[in-house]
Amino acid sequence: MASIADFAAAQKPIYHQERPSKTGLMDWLTTVDHKKIGILYGGAGLFWLLIGGLEALLFRIQLARPDQHIFIGDTYNGLVTMHATTMVFLAVMPMIAGFSNYFVPLMIGARDVAFPRMNAFSWWTFFAGSLTINASLLFCGAFPAAGWTGYAPLTTKEFSGMPIDFWWAGLTLLAVSSMVAGVNFVVTILNLRAPGMTLMRVPVLTWMMLVIQFLLAFSFPPVAVGLILLAFDRTFGTVFYSTGMGGDPHLWQHLFWLFGHPEVYVLILPSMGIVSEILPVFTRRPLFGHHAVIFSGVFIGFVGFGVWGHHMFTAGMGPIADAAFASTTAIVAIPTGVKIFNWIGTMYNSKMTFPTAMLFAISFIPMFTLGGLSGMMHASPPLDLQQHDTYFVVAHFHYVLVGGALQGLFAGFYFYMPKISGKMLNETLGKIHFWVFLIGFNVTFFPMHLLGNHGMPRRIYTYPADAGWNTENLLATGGVFLMAGATLLFVYNLITSLKNGKDAGSDPWDANTLEWMTSSPPPVHNFDFTPVVLSERPLWDHKYTPGMEIPVPEQAEEIHMPSPSWRPMWVSASAGLIIVGLLTFSGIAGIPGWPLCIVGALGVIFSVYAWVTEPV
Amino acid sequence: MSNALRTLSKRLPSLASTAMLLLLAGLATACDEAHPRDAYAHPAGDASEISAWFYNMYLVLDTIIFVGVLAAFFIALIKFRKKPGDNTLPEQSFGDPRLEIAWTIVPTLVVLGITIPTLGGLFELAKRPDQNQKIIDIEVTGKQWWWELDYKKEGINTGNEMHVEVGTQVMLHLTSADVIHAWWVPRLSGKRDATPGRSYPLNFRPKEVGSFDGQCAELCGASHALMGIRIIVHPKDGPDSYENWVKHTKEVAAKPTTPAAEAGQKVFMGKGCVACHSISGVSELAVGARSRTSGPNLTHVGSRDYIAAHTLKNTPENIATWVKNPQAVKPGALMTNLGLTDQEAKDVAAFLTSLK
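First to last, the sequence lines map onto chains U and L. Residue 357 in the numbering used here sits at position 357 of the first sequence, with consecutive numbering throughout. Offset between the second sequence (1-based) and the numbering used here: plus 1000.
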């Protein structure tokens, strides 16, 4: 029987690089290596996960008892707004980007992404955007407070202050970052697959990443347009969203949800992909209905563009539009069900083991199912008219995004960290993390279904003692503390494992896919030789199926590696300068900010020119 | 340390089930509380009855599906564990097209089966009520952070507390003077946005006499949480009938009779309250003088259950607290803090309370 030790015999490749990589801090600032950018994204995601969780903890303290006065009015609304904005854009999305960056090239047997410098540009633009949104606390002493959905006209100048400027400015930068990343990864996955890796041999996680990169590339433009119109309304006095002069607040809702619904599939599909990678490894069987799982993910991506109106059933679109969106939304249940049945099918007739990664992956199944089933309820307009904007909806999307997306990402961390750091995470701490988190999560969010049924709207900072919402709110607040404790334990585990963790070796889980055939952590060029792929489980077949071994070439490969570059960061910084100019357009203390826009625009032109003419 | 951790992690499944039992106990306690805004258990209007029917239908369906998935999941978890020492591989099955087809077709049929009645319910709710019956028409304007209610036919302008008649069709026309709000009184009907520049209908027929509470359901600024609604459903006959309410409400306010109330009226007229509030028979704002920031009509404010849009119970002490410093009660409230003295606030409270 062949083993992965065979690969050690391969010759080290000979590589050409225009400029050598830098070391230390300069290396991280100029890197175009997809693995380092992945680590940057993942680290930023974890940082913001803690911040977003802290925000939730604060407003749950306010809601623990009725009639409290700890965080009230726009302070509370700011915490709610930033909790959602942070979790969606600054925590879950960058963690997904982290996995996508680190593992997509490895899973398809590539050296890097198709456009390494564009990848660095995406990261630095994300970085600038994440700081911009939160900078309102520094410069205005307040968070944006119009909800993460930012419904106009609450966001217009008449009804909200400067923090909203930081909100649109930051989100615009994040939109640019995501659109560029989307294009980059679509090209990467379609063009850089190893020889023999047909589309149906692409790992499910990479497939789901392909779907979400299409979603990013096509769904962010509408919201970017919406944000730019908002910026025009606030900065130049246009009236796109003001009714007084013929504007229309519904325009924002359509533009936002045309992005917003595909976005929720951006958040969940990668976790579905992670579950689909982990289940086969720990059941020791192939993924049941591999093709059906891929096609259902693609189908969810397509349908995702046709359902945005179900967020607007109470807005008064009329019964015909409501009927159309209700029908398309109900269809989403079909591919989702197919995925769940196939995961359970994978578990049958298997020989399962349960390390922490597997625990998180399997608990995804019932928790996500519960979130999906409550989602079917609000696909029905006669029922949604009651449930819309209540805690029932809050319960629903947290079952999907925490029980689903976040648990999937936790599973991903336990499964993939050994590849990234070369060290195993501590299993005992991991199991405590899993159980405490699972309990805390259910104690927090299950009672919210009842709160919604009992008439509690979301985003209210206080409630009367006689409304009948006291016990559930107290339970929910208690649960948040469990989740917070579990998450801190996870971060502790992650950090200490870097030093104390057991050595992982190349293939600690006896896994199926290409990323496990190279060392942990992988060398800068990923693979010593380009693997030839013969099946959907190339590494498994190499180990267990005679005649399907991955051939090790005799000769060393000659490869070209991308050089480090400052120029992507220049473009991001120049774009950031335009944003600063718009934020201070009419001036601070008499000094007008608009010249910064010109400087920034010239900076973009100059640095793009410098970028394209830079030798690589 | 690490041994203790390991013992702890072994006990986790049993600790988890204990925690789940505690959760259930908590939820059982919650079920003991009264739930005055539960639309599904106690619908009191025809629109809510439709929502409740769909809720119960989905609850049964979802429970069946969830129990089925859980059963399949736990059977797999219990039956298909790796036995210690067993290093053989399980059967390497890549799937079964017959199963794939089955579990695509069955959910498709379920989805079809629920979408057809859903569309029926949707069109039922959107139906325009028969115009040949008695209809109570009310124009509702959401404002930061209260509701202006205009009974055009009856000539009544009031705020926050809506009076209707049991068994009679109600038709609301919802709009907003500033940002988007949403009207929601769960037991009577689902919610509907109040959007500036647009007017949307919301129809329901109350089926029970009583008071029904609700509140704004769309984030609308600092005091979104304090934008309550009460709908009082009157009986058809008797002293408390809707017709009597209309008759009483159209009368001008009674003159103050106590010295405190008289002093209060002077404060009301002299300190600037009249710039935003009307009291018929005392001081009325011309229609043109009403703006997005003008406050509720106070003609019969003494007979309301709450003040400041369901924020405080309507007592003289609460009115005094409110008029002295509105922003302390409702963050960002647009009502001006007029710097009233304690005595002036008490007098105003006496005057407003007398406006039954």
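Think of the hints as simulated: they come from the structure by calculation, not from any bench. Only a predicted model underlies this, so the values are computations on that prediction, with no experimental measurement involved. Just so you know, even glycine gets a beta-carbon here, dropped at the ideal spot from N, CA and C. Do not take every clue at face value.
[Unchecked claim] To spell it out: a stretch of chain U is covered by chain L in this simulated footprint if at least three of its residues, at any positions, have a beta carbon under 8 Å from a beta carbon of chain L; those stretches are:
no. : segment
1   : 178 to 191
2   : 240 to 251
3   : 261 to 268
4   : 376 to 387
5   : 598 to 606
[As the list claims (entries may be wrong)] List of simulated lysine-lysine pairs, DSBU-like, C-alpha gap at most 35 Å:
no. : chain 1 : residue 1 : chain 2 : residue 2
6   : L       : Lys1247   : L       : Lys1079
7   : L       : Lys1010   : U       : Lys502
8   : U       : Lys351    : L       : Lys1082
9   : U       : Lys502    : L       : Lys1079
10  : L       : Lys1079   : U       : Lys351
11  : U       : Lys499    : L       : Lys1010
12  : L       : Lys1324   : U       : Lys157
13  : L       : Lys1127   : U       : Lys351
14  : U       : Lys22     : U       : Lys351
15  : L       : Lys1083   : U       : Lys499
16  : L       : Lys1152   : L       : Lys1010
17  : U       : Lys502    : L       : Lys1271
18  : L       : Lys1083   : U       : Lys502
19  : L       : Lys1127   : L       : Lys1010
20  : L       : Lys1082   : U       : Lys499
21  : L       : Lys1271   : L       : Lys1134
22  : U       : Lys157    : L       : Lys1010
23  : U       : Lys502    : U       : Lys36
24  : L       : Lys1010   : L       : Lys1153
25  : L       : Lys1153   : L       : Lys1271
26  : U       : Lys157    : L       : Lys1271
27  : L       : Lys1152   : U       : Lys351
Here is how each hint holds up against the structure:
1. Residues of the segment 178 to 191 of chain U with a Cβ under 8 Å from some Cβ of chain L number 0, which does not satisfy the need for three, so the listed coverage is violated.
2. Only when three residues or more bring their CB closer than 8 Å to a CB of chain L does the claim for the segment 240 to 251 of chain U stand; here the count is 5, and the claim holds.
3. Coverage of the segment 261 to 268 of chain U by chain L is violated [criterion: at least 3 residues with CB-CB distance below 8 Å; count 0].
4. A stretch counts as covered by a chain when three or more of its residues have a beta carbon under 8 Å from one of that chain; for the segment 376 to 387 of chain U and chain L the count is 10, and the coverage holds.
5. Three residues within the 8 Å Cβ limit are the bar, and the segment 598 to 606 of chain U against chain L gives 0, so the coverage statement is violated.
6. With a C-alpha separation of about 74 Å, the suggested pairing of Lys1247 of chain L with Lys1079 of chain L is violated against the 35 Å cut-off.
7. Under the criterion of a C-alpha separation no larger than 35 Å, the hint pairing Lys1010 of chain L with Lys502 of chain U is consistent with the structure, at around 21 Å.
8. Simply put, Lys351 of chain U and Lys1082 of chain L have alpha-carbon atoms about 4 Å apart, close enough for the 35 Å limit, and the pair holds.
9. Between Lys502 of chain U and Lys1079 of chain L, the direct Cα distance comes to roughly 31 Å. Compliance with the 35 Å bound is thereby established for this hinted pair.
10. With a CA separation close to 9 Å, the supplied pair Lys1079 of chain L and Lys351 of chain U stays within the 35 Å bound.
11. Proposed proximity of Lys499 of chain U and Lys1010 of chain L is supported: the alpha carbons are some 25 Å apart, at most 35 Å.
12. Of the pairs offered as hints, the one joining Lys1324 of chain L and Lys157 of chain U holds, with about 29 Å between alpha carbons and a cut-off of 35 Å not exceeded.
13. For the hint pairing Lys1127 of chain L with Lys351 of chain U, the CA-to-CA distance comes to about 57 Å; that exceeds 35 Å, so the pair is violated.
14. Only pairs whose Cα atoms come within 35 Å are accepted, and Lys22 of chain U paired with Lys351 of chain U is rejected, the gap being roughly 47 Å.
15. This hinted pair checks out: Lys1083 of chain L and Lys499 of chain U have alpha carbons roughly 33 Å apart, not beyond 35 Å.
16. Proximity of Lys1152 of chain L to Lys1010 of chain L is assessed by CA-CA distance (about 70 Å); at most 35 Å being required, the pair is judged violated.
17. Between Lys502 of chain U and Lys1271 of chain L, the direct Cα distance comes to roughly 77 Å. Violation of the 35 Å bound is thereby established for this hinted pair.
18. Between the alpha carbons of Lys1083 of chain L and Lys502 of chain U the distance comes to roughly 25 Å, so the proposed pair stays at or under 35 Å and holds.
19. Restraint check for Lys1127 of chain L and Lys1010 of chain L: the C-alpha separation of about 59 Å exceeds 35 Å, so the hint is violated.
20. As the CA atoms of Lys1082 of chain L and Lys499 of chain U are separated by approximately 31 Å, the hinted pair is consistent with the 35 Å bound.
21. Under the criterion of a C-alpha separation no larger than 35 Å, the hint pairing Lys1271 of chain L with Lys1134 of chain L is inconsistent with the structure, at around 43 Å.
22. Restraint check for Lys157 of chain U and Lys1010 of chain L: not satisfied, since their Cα atoms lie roughly 57 Å apart, outside the 35 Å limit.
23. The suggested pairing of Lys502 of chain U with Lys36 of chain U holds, with an alpha-carbon distance near 22 Å, which does not exceed 35 Å.
24. Among the hinted pairs, Lys1010 of chain L with Lys1153 of chain L is inconsistent with the structure: their alpha-carbon atoms are about 72 Å apart, more than 35 Å.
25. Taking the CA atoms of Lys1153 of chain L and Lys1271 of chain L, the gap is about 33 Å. The hint holds against a cut of 35 Å.
26. The hinted pair formed by Lys157 of chain U and Lys1271 of chain L meets the criterion: a straight-line CA distance of about 31 Å does not exceed 35 Å.
27. Taken as a hint, the Lys1152 of chain L and Lys351 of chain U pair is broken in the structure, with Cα atoms around 73 Å apart against an allowance of 35 Å.
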